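J.: Those protein sequence lines, which keep their order, are chains A and B. If you read the first sequence in the working numbering, its first letter stands for residue 1, the second for the next number, and so on. If you read the second sequence in the working numbering, its first letter stands for residue 387, the second for the next number, and so on.
It should be emphasised that the hints constitute simulated quantities derived from the structure, not laboratory data. The model shown is predicted, which means the values in this text are computed figures rather than measured ones. Please note: incorrect hints may appear among the correct ones.
To give an idea of the chain B side of the interface with chain A (calculated C-beta under 10 Å), a few residues [what the hints assert, rightly or not]: (1) Phe417; (2) Tyr449; (3) Ile453; (4) Val466.
We put the CB at the ideal spot given by N, CA and C, even for glycine.
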Amino acid sequence: MDNKGFLGYRRSDGQVGARNYLGIIAGMDNANPVVRTLSQLLNGSIAICPGYGRGQMGEDFNLHRRSIIGLGKNPNIGACLVISLEPNSANEIAKGIKLTGKPVATLSLQDDGGFIGVLEKGLKIGQSLIFESTAQQRELIGFDELVLGVECGGSDATSGISSNPAVGMVSDWIVEQGGTVIMSEPTEWIGAEHILMRRARTKQIAEQIQKCADKYINIAKSQGLDLLKNNPTLDNIAGGLSTIEDKTLGAIRKGGSKAIEGLVAYGEKPTGKGLFLMDAPAAAVENLTAIAAGGANLILFSTGRSNPIGISVVPTIKISGNKKTVKIMASDIDVDVSGVMEGTLGLELARDKIMHRIISIASGQMTKNEILSNGEVSISRIGESI
Amino acid sequence: MKKALLLVEKDNVAVVLDDVLKGETIEISGFGVKCILNSLDNIGLAHKVAFKDISKGNSVIKYGEVIGIAKASIKVGSHVHIHNIQSTRIGGN
Numbered sequence: 001m002d003n004k005g006f007l008g009y010r011r012s013d014g015q016v017g018a019r020n021y022l023g024i025i026a027g028m029d030n031a032n033p034v035v036r037t038l039s040q041l042l043n044g045s046i047a048i049c050p051g052y053g054r055g056q057m058g059e060d061f062n063l064h065r066r067s068i069i070g071l072g073k074n075p076n077i078g079a080c081l082v083i084s085l086e087p088n089s090a091n092e093i094a095k096g097i098k099l100t101g102k103p104v105a106t107l108s109l110q111d112d113g114g115f116i117g118v119l120e121k122g123l124k125i126g127q128s129l130i131f132e133s134t135a136q137q138r139e140l141i142g143f144d145e146l147v148l149g150v151e152c153g154g155s156d157a158t159s160g161i162s163s164n165p166a167v168g169m170v171s172d173w174i175v176e177q178g179g180t181v182i183m184s185e186p187t188e189w190i191g192a193e194h195i196l197m198r199r200a201r202t203k204q205i206a207e208q209i210q211k212c213a214d215k216y217i218n219i220a221k222s223q224g225l226d227l228l229k230n231n232p233t234l235d236n237i238a239g240g241l242s243t244i245e246d247k248t249l250g251a252i253r254k255g256g257s258k259a260i261e262g263l264v265a266y267g268e269k270p271t272g273k274g275l276f277l278m279d280a281p282a283a284a285v286e287n288l289t290a291i292a293a294g295g296a297n298l299i300l301f302s303t304g305r306s307n308p309i310g311i312s313v314v315p316t317i318k319i320s321g322n323k324k325t326v327k328i329m330a331s332d333i334d335v336d337v338s339g340v341m342e343g344t345l346g347l348e349l350a351r352d353k354i355m356h357r358i359i360s361i362a363s364g365q366m367t368k369n370e371i372l373s374n375g376e377v378s379i380s381r382i383g384e385s386i
Numbered sequence: 387m388k389k390a391l392l393l394v395e396k397d398n399v400a401v402v403l404d405d406v407l408k409g410e411t412i413e414i415s416g417f418g419v420k421c422i423l424n425s426l427d428n429i430g431l432a433h434k435v436a437f438k439d440i441s442k443g444n445s446v447i448k449y450g451e452v453i454g455i456a457k458a459s460i461k462v463g464s465h466v467h468i469h470n471i472q473s474t475r476i477g478g479n
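Same shape as in the complex, but just chain A (with noise of 0.2 Å):
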């Protein structure tokens, strides 16, 4: 396997890009029109529009707030245009983006002269921006940088014995050249939440995994919900899945087999190398949004039936070791292991066909859904607007 690296962008804070967009980020849902229609005008830009943002306090704000700052700190992204209805929370939002060092705007529409005059002043920025910042020339790049976020989504029969394993073989690969890899989703580690404890690198890391786990199934229960109960389902056990060990470690198993050296909060950024776990809860687009808001410059997203949807701030790869799936979903597949159930693709081969597509898309090439404009944000709310 050619272990060299990918072409990137070097950002001043010590990150690297796989991708140099301007983002132009709505701070409030009501600049989400606004900063669309500059986005559709402003070739280099994507919109970064998030949603609420408005009458929200306490935890659910920090969340929102550390989300929105996270996604403009993404290494992905060259410069930022922050655009809200007021300059106090475009400011602030300003702020945290600026720590990176990376070029940073704001615009505000009460005192910018409201949607046409935050127009008119958002596409001279905005050119300006582009212009300077897409001079930047990619250059080599070590795996050690790479920050690759895994998911999986769409999960069928074929995921837990094709694309899991081979994406996992891909986490644990990075992980010995020195990379990071996030994985969220704790609702799959019920059931197995005794391995990944068993695997964290401190006792207080292992005590936050068994929390986080309790969390969600504590939502769960508190709407009638029992997550223990019945699981692995019929369905799950007529597929072959005896124990929920078994069905929880066939979703796990795309984070790898590595030591977790740490747990983050949602949108929060791992504080060093190796594999972090992540608190997202497993909606494709909320975990997306975090695992870019934690800074991943890469992800790769498992898949059995297929779930198209990615998010502009970072390339989704999409795997898939369903037959049926590759050939009447091609449009949204980027990397085909159905060989894997055929017996005709070992999960090694496996394993570095997704690596060659990783080094061609960190390069540059774009994902199925980046051509297709198939990408969302959503950042999770976790208390009610006033």
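Given chain A, put chain B in place with the hints provided.
T.: Below, chain B alone, put in the same frame as chain A:
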């Protein structure tokens, strides 16, 4: 001959890649391992076949981890499922 996949080197079960009938031969491969065994049961696609003998009370290993404990002694080539293994956690199917 039917095929089965070893998911992790130290596993004692493999996953069959097709529906297998009792008496059919299964070729198990992965991680440099290649061996042929006779199926002692009918085994459905994606279900597990014992790749090694597993004594009653011993661990069933898949994904390199313990997925359950053998409720009875399991011979090489047997179907490994809810009738002969149980969770170490909950349910005890």
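J.: Run every hint past the structure and note whether it holds.
T.: Hints and how they fare:
no., hint, in the structure
1, Phe417, "holds (7 Å)"
2, Tyr449, "holds (4 Å)"
3, Ile453, "holds (4 Å)"
4, Val466, "holds (7 Å)"
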